[in-house]
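So the protein sequences, as listed, match chains A and B. All residue numbers for the first sequence refer to this note's numbering, where the first residue is 10 and numbers rise by one. All residue numbers for the second sequence refer to this note's numbering, where the first residue is 10 and numbers rise by one.
One or more of the hints may lead you astray.
Each pair may be met inside one copy or between any two copies, as identical chains are not told apart.
Unchecked claim - Below, simulated BS3-like cross-link-like pairs (lysine-lysine); rule was C-alpha separation at most 30 Å, straight line:
#, residue 1, residue 2
1, Lys76, Lys107
2, Lys302, Lys428
3, Lys168, Lys107
4, Lys37, Lys168
No wet-lab data here; the hints were simulated from the structure.
2 protein chains.
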Amino acid sequence: MQFHLNGFEPGDPEIFDPAERYPASGAKGPVPAEVDVLIVGCGPAGLTLAAQLSALPDVTCCIVEQKPGRMLLGQADGIACRTMEMFHAFGFSERVLKEACWINETTFWKADDANPQNIVRSGRVQDVEDGLSEFPHVVLNQARVHDFYLDLMRRSATKLEPHYSRRVTAIQPPRDGDVRVTVTLEHDGQTETVRARYVVGCDGARSTVRTSIGRELRGDSANHAWGVMDVLAVTDFPDIRCKALIQSAHEGSVLVIPREGDYLVRLYIELGQLESGERVAKRNITIEDLIAKARRILSPYALDVKQIPWWSVYEIGQRLTDKFDDVPADECATRLPRIFIAGDACHTHSPKAGQGMNVSMQDAFNLGWKLASVLRGRCSPELLHSYSAERRAVAGELIDFDREWAALLASTHGPDPAKTQSYFIRSGRYTAGTATHYGPSLITGESAHQNLAKGFVIGERFHSERVIRLADAKPVHLGHAVKADGRFRILAFFGSGDNAAIHRLCDFLGESPSSPIRRYTRGGADIDAVIDLRAIFQQAHHALAIERMPLLLLPRKGRYALYDYDKMFCPDPNSDIFETRGIDRERGCVVIVRPDQYVAHVLPLDAYQPLASYFDAFMLEPPQT
Amino acid sequence: MQFHLNGFEPGDPEIFDPAERYPASGAKGPVPAEVDVLIVGCGPAGLTLAAQLSALPDVTCCIVEQKPGRMLLGQADGIACRTMEMFHAFGFSERVLKEACWINETTFWKADDANPQNIVRSGRVQDVEDGLSEFPHVVLNQARVHDFYLDLMRRSATKLEPHYSRRVTAIQPPRDGDVRVTVTLEHDGQTETVRARYVVGCDGARSTVRTSIGRELRGDSANHAWGVMDVLAVTDFPDIRCKALIQSAHEGSVLVIPREGDYLVRLYIELGQLESGERVAKRNITIEDLIAKARRILSPYALDVKQIPWWSVYEIGQRLTDKFDDVPADECATRLPRIFIAGDACHTHSPKAGQGMNVSMQDAFNLGWKLASVLRGRCSPELLHSYSAERRAVAGELIDFDREWAALLASTHGPDPAKTQSYFIRSGRYTAGTATHYGPSLITGESAHQNLAKGFVIGERFHSERVIRLADAKPVHLGHAVKADGRFRILAFFGSGDNAAIHRLCDFLGESPSSPIRRYTRGGADIDAVIDLRAIFQQAHHALAIERMPLLLLPRKGRYALYDYDKMFCPDPNSDIFETRGIDRERGCVVIVRPDQYVAHVLPLDAYQPLASYFDAFMLEPPQT
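Using the sequences and the hints given, assemble the complete structure.
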């Protein structure tokens, strides 16, 4: 898709009239007096969480935002492969794929040895290694990501709309056995109050919610200045449509990020060291300064800037808070969290690795299913401790990564293009968002049986692979079975050694009183409502007879008790999942996948008791009806 | 996507509330007094045409429909690969891919030799051969196709909405040198009049527009009765999610068509011979009769029907009109067409090959760019004769195909599953919509140089292939450069024998007074506004320097004269277009692609004069400004 040719216009580029490119957004009327979850902040983290909860008719949610309406022009733009996988779970990845700029190749530029005032290309790297994800790395204005979430919320069961123009003025934890936090909001000079079981602060680096729980961002002083500008420009720099890292001899660095619509481009421009405690805003840097600096770095290439939809200057630092909820570390055994923070409220860093929006959304994706499961009575509230534990560790890695990456780019000690390129390649899986690894916990198993499925690493995101659906020979991605619907998946890969294993497993899961599917699914609900069983066979689909499969794999669902034919899969002969994911062909295995697409456990096919124990540790039986 | 589990609901299944699944549709107020094009009928043909024209701010268009509002439940459902390619040109293929049912495999069932009252599977066939199209064969309710077009129209430059509840009562051709047809409409008991330069009747088998030009559908008497039902049902028939052709020993045939949402299925049920002149409606066949018949044919499998969103009975015949416009065959040299017909107004046949909606939309896709080009002064009106010439021939083939296919399925002379399967395979390219071949004409060249690109057959649709975009290494489909925007494409494939060929061709196209790009593009317009040049090189993208390319391949466009980086491509090493499409590696070639994605010509790279002559035959120079 091509757009923004005649100037940046916000909203949906497929709508011809700029005045109609975004619908009105925002709830009318006051905020509700009581909700299950109050989300503070309509950024990527807040909207990821709101979108998840909005799908649940039995969970009440309110999302408030200080700004008066939807974002039209955002600052973040990088969307990692892992985030695209999550967008697929939410159901709008195809819209992002269509509209975003794909980052296919990253190139590296250094000073020309013969003419050091000029830059020359020193290397090219495929941006994402083959097979790392079924999705590319893309770039799209954060405002459009907001739009997709707002659209999803509006279409959802609860038709959730943000309450704009709300500023949090006070947060009062529950008192005297109460279970609700009381949040006071200021709206057009009036005061509103919401009482919420849980409050989540997605309110950015200056988070009021974070402050209310006595936490702060700590980290390096910010002593390096950068400028950033989104421009429509004419240049003969040949890699202007690639991600390009340019390190000049003496003028500093430029990072080129091509943007959606084939014309727009973002340039990050190094402005140099700051004095200790100095703020770059004080330097009165103008857009003309930025352009002039970019030109000097890009020499001998010309840069003729035609339009500047957005620009800014900033200093970078890496800051992190110590815990993402309101429970002090030494009280976790005795107290349950009620107030959480996510995204920039927890961690801030430089924008140039394209990580910020991604990590923030993954924070919320991690928290969303946990909150929903607890509120719906499916899981014990101790589960909520795992949010801070898991995501604080990820944020720590992010800060470490960013510190090293920012130092390399800032070329404080003289640019080293070879080192930069080498670090970029080594960090590929990290920047793609696929390197996140949760350690063993209440919800993540030990790796005793990891050898049964070497490619489904326990604690890492489920690495999807193509398969063939048995019932209709449709080529699909197995990972796409994992929607953002709060359900666990049990993926049973059947070995070739024992043809009766499938029937025994289904007998256990379908009939045994200790089956987690039996125990944790409410009577009258569809059998896959809480835990969704899928089977993957080794045979080609022609070799299998659907009519001889256990009924648990052809469950009857809904008002008419219709068969669901979406539970059984066969390998795609062009990319056999047993081969590519290292699944033990003889023994097969069971892979448990969390609602946020992470591998929770790998177990032998006949490890019925360990399978049950995994769920028993944190799930609750529904009340008898 | 799974939906319709608890019963069929019309509209967008991604919207939770059924009451909000389709927006209001329809223009308010009276029809305009004068338009360039009046389209009669809001079916697939009418909407395809309207969607094309709605994108053009300089063409006025009105579409009227007898029914009071948008269709919620349609009868057609088959969407051929070729149609998906067209949907991509319109920009909504990804929505259809997501929502539709994919037909991956077709299975064949016959009477069991041992127990002739039972059926057994006799064969399986991959539904579409590998590599025939980048899109699958899918099935989706016609009403949803309408929705996508209506959405496109609403978002377009002209925000076109249908005028519903309009019945055509009279059509008066132009008189005394007038250029407008006068159409009288009845609306809520009132009379409205529209004067249109062109009128297109997309008003179905009982077309008023067809009658007004004195044409009629002629063909076989309809003497075979069928029933059809869309159902939610429980069955142990194992191929219920595949397209299945079932020919029982004595009870007749059933055709199973799985439908979108994973639960719905359509069954076509053979009801037997009719007396000469008999109408099936007179037999008072009930839905219970249909179900009972289907059960007998499906024996030994059970069929428990739970909901029936739609059912019907009909007799089939093949009928065709002799010409698709208002000019008698013997007056083509002296008269220009003003009134056209398309779709079911021209050809009717059985529904079971899934061709009807597809051929109708291709009729309109063929006509749309021609009407637009003439109205915009780009092409001479003689071009309009080619519509009837090209599409009447296609309709004739359709009728022939359908007659044979219907006879095979109807098993009038005893079922012959082997013959049915063999015919199905042989007809694969035809049913996929890719076999259409336009003969040489004003707009379709002779095949003297076909050997330069054996895989781009002159007169057939451009068979897309993956390529790598030079500027950013993005993997794209070359055919997806051809949008439904009325532009011609010149695709220049460069040979390895002469590296200067690219500069010479661009010199000619960019500078020569006889260059069609120079001649037919209005001064001040973007250089690719009428004819869009793209280049495909043989080298890998790493081996080419974008900065040394001719400026015609990096055109400057729009208000800011920005570079357009979307014009140059390299082979995808995994599927080299020079190899897969049989392009002469030494000599290269030029391929001209029509606005409706058909290959217009294949010429040597240096055949400048023949290239110019191709366009000179039907294009008009813009007025001097």
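Item to check | Those earlier numbered hints the structure runs against, lowest number first | outcome: Per hint list: zero violations.
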